[in-house]
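Now for the letters of each chain:
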Amino acid sequence: MLYACVYATILLGFFGILLKENLVMKIIAMDVMSTGVIALFVLVAARGGTYTPILSGAPSIAYADPVPQAVILTAIVIGFSIQALMLVAVMKLARDNPTLETRAIEEEYRP
Amino acid sequence: MTLWTVLWIALPFLVAFSLYLLPQGDRRSRSVIDCRVLALGVTLLSLAFATTLFVQPAPLSLSLLDSFGVSLLADNLSAFFILTNALVMAAVILYCWGTDKAKFFYTQVIILHGSINAVFICADLISLYVALEVIGIAAFLLIAYPSTNRSLWVALRYLFISNTAMLFYLIGAVLVYQTHQSFAFTGLRGASAEAQALIFLGLLAKGGIFVSGLWLPQTHSEAESPVSALLSGVVVKAGVFPLVRFALMVETLDPAVRLFGVAAAVLGVLYALVETDTKRVLACSTLSQVGWVLAIPEAAGFYALAHGLGKAALFLVVGKLPSRNLAVLRQQPIDTAYWVPLALGSLSISGFPFLAGFSAKMLTLKQGLPWQVAVLNGAAVGTAILYAKFVFLPHRPTPKADRWAAQPGLWLALLLLLGALLMANLGYLDAYAPGNVVKALTIIALGCLIHGLVIQRVSLALPRSMERFDHLVGGMSLVLVTLFWITWSWVV
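Chain order of the listed sequences is A and B.
Per this note's numbering: the first sequence ends with 654, consecutive numbering throughout.
Per this note's numbering: the second sequence ends with 500, consecutive numbering throughout.
Calculated from the structure, these hints are not laboratory results.
Here a beta-carbon is modelled for each residue, glycine too, at the ideal position from N, C-alpha and C.
Not one of these hints is a red herring.
Part of the chain B face toward chain A, derived, beta carbon under 8 Å: (1) Phe76; (2) Ile179; (3) Phe477; (4) Val481.
Here are some chain B residues the structure puts well away from chain A; computed CB gaps all over 10 Å: (5) Met9; (6) Phe21; (7) Ser79; (8) Gln116; (9) Leu256; (10) Gln339; (11) Pro378; (12) Leu423; (13) Leu470; (14) Trp498.
Here are the computed lysine to aspartate or glutamate pairs in the DMTMM-like style, where the Cα-Cα straight-line distance is at most 25 Å: (15) Lys635(A) with Asp478(B); (16) Lys563(A) with Asp478(B); (17) Lys635(A) with Asp108(B).
Take these sequences, add in the hints, and give me the full structure.
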């Protein structure tokens with residue numbers, strides 16, 4: 544069930560990229576998609592258990608796999624820095640193309 | 009060797025990030041820590057590293073403690089790609105030496121160099137992901153460097169496509185981890201069909217291969233010429249290299265890689281044949297040449313080297329021509345000093361003897377499967393036709409005494425690239441069998457003939473709608489479905 548929700552989020556994000564006209568909406572759709580991917584990593588990590596993996600003297604319990612979580616932390620940072628870069632570029636583009644419609648921008652800057 | 013590898017991989021990033029911390033001191037201290045000198049030093053270090061890789065007896069493999077598959081693998085194949093990276097990067101830095109590029113530009117070049125090196129020696133999905141994303145960001149900043157609206161849009165489009173592709177790739181990576189508890193490339197062997205298809209899609213889009221690579225012509229032709237040289241010479245190879253590694257490591261993936269390689273080789277040539285804009289012809293030819301690299305994974309290293317050097321030289325020269333339109337160039341003769349490197353680069357990629365392109369092409373064709381060789385020979389004729397467009401441009405010597413002194417960077421860069429093309433030619437002397445030479449000359453003669461008889465007289469234009477942003481993203485989903493179907497039918 545959870546898997547279905549996560550995959551639905553990813554797909555919705557992808558369709559957003561595909562179908563939205565506005566550039567900012569496209570970027571937000573990409574964020575939705577990357578949120579879905581992050582959730583998938585967390586879900587995979589939680590397969591063995593959901594306890595926080597902290598080393599202590601306590602008896603062993605079903606803890607979550609720390610590796611995918613560590614990996615996705617890197618991906619989150621990369622993802623957000625890319626989004627920031629894109630938004631800066633969009634801000635500069637918006638000065639001359641206030642509507643930010645992809646189709647119009649593409650027509651204008653075609654060689 | 010371990011220490012040397014670690015130092016070499018870390019140094020570019022260290023240099024790039026500390027560039028901003030260095031003081032802007034007086035003239036003498038500035039000349040030592042000048043950003044151009046440092047950037048060139050970094051590429052020389054890569055050159056030295058590639059040489060040590062060539063002479064070392066066995067592949068070097070390093071893995072992280074408690075690794076979960078995270079590891080580095082440096083062998084002969086990596087050495088070829090690292091050599092390409094070092095030479096092309098050095099040539100571009102020499103080219104930009106006399107121009108007023110800011111420190112920021114060189115910082116991005118060094119970061120790009122370091123992250124491409126990282127791709128060429130990593131052997132696990134996560135290191136690869138990080139390196140590819142860093143390449144995406146650095147390439148974005150380099151394309152957007154002129155900060156005109158058009159360059160911003162081209163860069164934004166590039167980053168958008170590449171980031172979407174990498175999101176698919178990440179899903180594939182976690183699915184591989186779920187099966188094997190490891191991120192190593194070898195984990196692809198038993199992975200599910202979805203995982204393989206998703207990872208493939210990410211790399212195909214990033215490497216500009218076949219339909220997923222149609223973002224490439226516009227991006228590579230609209231960037232400034234040194235940046236185009238970087239993008240076509242090495243950056244696309246960062247997407248191709250992992251696919252080659254997969255094909256060599258996991259035999260079930262080998263047929264898919266070969267198939268996509270051949271398809272890309274043909275598609276790129278078709279696009280390039282009808283183009284009339286010099287930079288777009290070169291960019292479409294890149295689309296085809298990465299297919300060649302991919303089609304025969306055993307010979308990929310040498311082919312990538314030959315193509316990287318030739319294409320970088322071509323982009324640097326074409327940027328100096330008076331016009332980008334081939335029809336205009338046919339009317340007004342160009343300077344012979346530009347024509348000579350242009351013709352040499354073109355002949356190398358078409359596979360003319362005594363240049364590295366010939367050895368690479370023969371090595372590739374020798375190791376191909378029968379069905380591949382048949383199709384690739386056709387693509388080779390197509391390549392010869394499209395480069396005949398450059399070879400047959402009219403030219404005449406112009407008496408300009410200060411031509412050499414005015415832009416020493418350009419000539420040094422071309423000397424480096426073309427010299428390396430001649431030197432690399434010695435790497436595979438077995439190619440000079442009489443049959444091979446005759447074959448290469450026949451292909452080129454046939455190409456020139458068809459060019460003269462047909463191509464020059466027919467003007468045809470392929471619709472460019474496939475290169476629109478929506479279609480690129482939509483094409484991604486179609487390629488994904490196809491890939492899933494291919495891998496699924498093989499797994500079953």
